[in-house]
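S.K.: This is what each chain is made of:
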Amino acid sequence: MKTVQLMKHSVLGLMLLGGLTACGQTHKKPLQAEAVSCSVREQAQLAPAIADAKTALSHRSCHYQFDTLHEQLLAVAKNDPDKTHNTAFLGFYTWSVKQGIINKRQGKELYTRYFKTSFGYVLSNDRNVCGTASIKEEMIKKIGAELAYKKIGLQDIMQDRKAFFEAGQVHNDLVFLLEATLLACENG
Amino acid sequence: MNTHQPFIKIAFYSALYSTVLLTPVNATTAPTLNLFPTSVVANLQTSASSAEAMENNLEHIVAKMENQTQLYNDSQCEKGMADAGCSKIKRDLASTYTQMLDKLSEHLPTMKQAMQSTIRVLGKNIRVELGKKMTPMDLENLVRGKQPTLASKRKLSRQRQGRMSGSLKKFSEMISLSKNQSPTQALLAADIYADAMEALDYVDSLQMSIDQSKIINSIDHLWSGEPSEQMMTTVSSVKALLFGEVETDLIPDQMDMSVEIKNDPYGLDSDY
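Going line by line, the protein sequences match chains A and B. Under the numbering used here, residues 1 to 188 are what the first sequence spells out, in order. Under the numbering used here, residues 189 to 460 are what the second sequence spells out, in order.
Isolated chain A (complex conformation) (with noise of 0.2 Å):
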């Protein structure tokens, strides 16, 4: 009888100790992490400055600064420019994508932000051309920033006149027809 009491107080005994063990572990695991640095080295050129911002934004500590390490890359091609550019950082958003960093509408949006020639995402289509008076003003404005962007994205990365000047273009004629289909809204 005292032989099994003994027996069952032991087994007690090593499952606390086991415990208290597997706790203090579990602890200890964060103290152990290496400082991570969520940024992208200085680089002449794209495609080791976007190898870095991957090896950064691989630690979770790191998505959070995605929108510095995109400014970083930005940067880095403004003074690398090169015609297909576009093509480096739409692998970049993609991979992006994959990792679960942004999602497709953000990759989407900041690709034709910049790279392409169109203003679609900054403007509504939920609501017909009049119902949009109220925020003529804000929405004008978003479109002439947008082309700003383009500016970054085609001109001074790409260096891409011609889709530029076609930005500008489609810049100017959506401006002008809100403008003008706004003026006949508020005179019915």
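Read the hints as simulated data drawn from the structure, not as lab findings. Glycine included, every Cβ here is placed at the ideal spot set by N, Cα and C. Treat the hints with care, as some may be off.
Listed below are the simulated DSBU-like cross-link pairs for lysine-lysine, each with C-alpha atoms no more than 35 Å apart in a straight line [claimed, not checked]: (1) A/Lys104 <-> B/Lys357; (2) B/Lys321 <-> A/Lys136; (3) B/Lys252 <-> A/Lys151; (4) B/Lys321 <-> A/Lys141.
Ranges of calculated distance between the beta carbons of each label pair, as one might list FRET restraints [to be verified]: (5) B/Arg308 <-> A/Lys162: 51 to 59 Å; (6) B/Val229 <-> A/Glu186: 35 to 43 Å; (7) A/Arg161 <-> B/Ser283: 55 to 63 Å; (8) A/Tyr64 <-> B/Leu388: 50 to 58 Å; (9) B/Asp459 <-> A/Thr68: 26 to 34 Å; (10) A/Ala148 <-> B/Thr226: 42 to 50 Å.
Fit chain B to the supplied structure of chain A, relying on the hints for placement.
M.R.: Using the frame of chain A, we list chain B on its own:
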């Protein structure tokens, strides 16, 4: 008879489905716009004739007034010199100015009526076709389908390029050329609408100037003929309304740059 019925049904439903399924696609890519009824073209032609008559009648009067004003300034008449020469220049200037106002009074009502009618009809069509039936994103799709040759440096409040009669005639011609080209039609309608609004503002301000000048002229002693600020403003308005201002467009160099986009599994490169 009965054996033919299923075929008729199939044919009927096929036609119906193809209409239902195909129409929205066509509507998205090439919406049909009803912007220019015949009355707009007729009004533009009336305005063009009226503008041409005004230009022909007023061009030499405006030039004469400018010469007389220059002579008045060169003779230093504004410094209160009361010699016979200055008195004559002032009388001539007053006579030319009255002549200009008379010619304006003769032509402005016809032009005003045609402009008002253009604004009313075109404004309604723009409001319905572009304002009510379309979203801002639809408008972008519309302008993206435009022929690249059409000028794009547009602003709602801007000076017209060249003579008014020339612009109005050009508009009439472009309306007939733009048939079945919705992007061009939409921009052209907005252009004509903006131009007509601007022209109507000038017409209103000119009519106000004419009325004021008539009052001043009727009280003889109030105006001895020296160039007043109001006179200069009226002359500037006439010049802006009829002869416009010349602007130039910058056309960038053409560069070859088509880059093929590959490896886009999420469709980030596709349009909205």
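S.K.: Run every hint past the structure and note whether it holds.
M.R.: The hints, checked one at a time:
Under the criterion of a C-alpha separation no larger than 35 Å, the hint pairing A/Lys104 with B/Lys357 is inconsistent with the structure, at around 50 Å. Annotation: proposed proximity of B/Lys321 to A/Lys136 holds, straight-line Cα distance about 17 Å (limit 35 Å). For a cut-off of 35 Å, the pair hint linking B/Lys252 to A/Lys151 is broken: about 49 Å separates their Cα positions. For the hint linking B/Lys321 to A/Lys141, the alpha-carbon distance of about 23 Å falls within 35 Å, and the restraint holds.
A hinted range of 51 to 59 Å is violated for the C-beta pair B/Arg308 and A/Lys162, which are about 41 Å apart. Here the CB-CB span from B/Val229 to A/Glu186 is close to 25 Å, at odds with the stated 35 to 43 Å. At roughly 56 Å, the beta carbons of A/Arg161 and B/Ser283 sit within the given window of 55 to 63 Å. Distance hint check: the CB atoms of A/Tyr64 and B/Leu388 are about 56 Å apart, consistent with the given range 50 to 58 Å.
Checking the proposed 26 to 34 Å range against B/Asp459 and A/Thr68 shows it holds: the Cβ atoms sit about 29 Å from each other. The given range of 42 to 50 Å is respected by A/Ala148 and B/Thr226, whose C-beta atoms sit roughly 44 Å from each other.
In the structure shown, a violation is registered for the earlier hints numbered 1, 3, 5 and 6, in ascending order.
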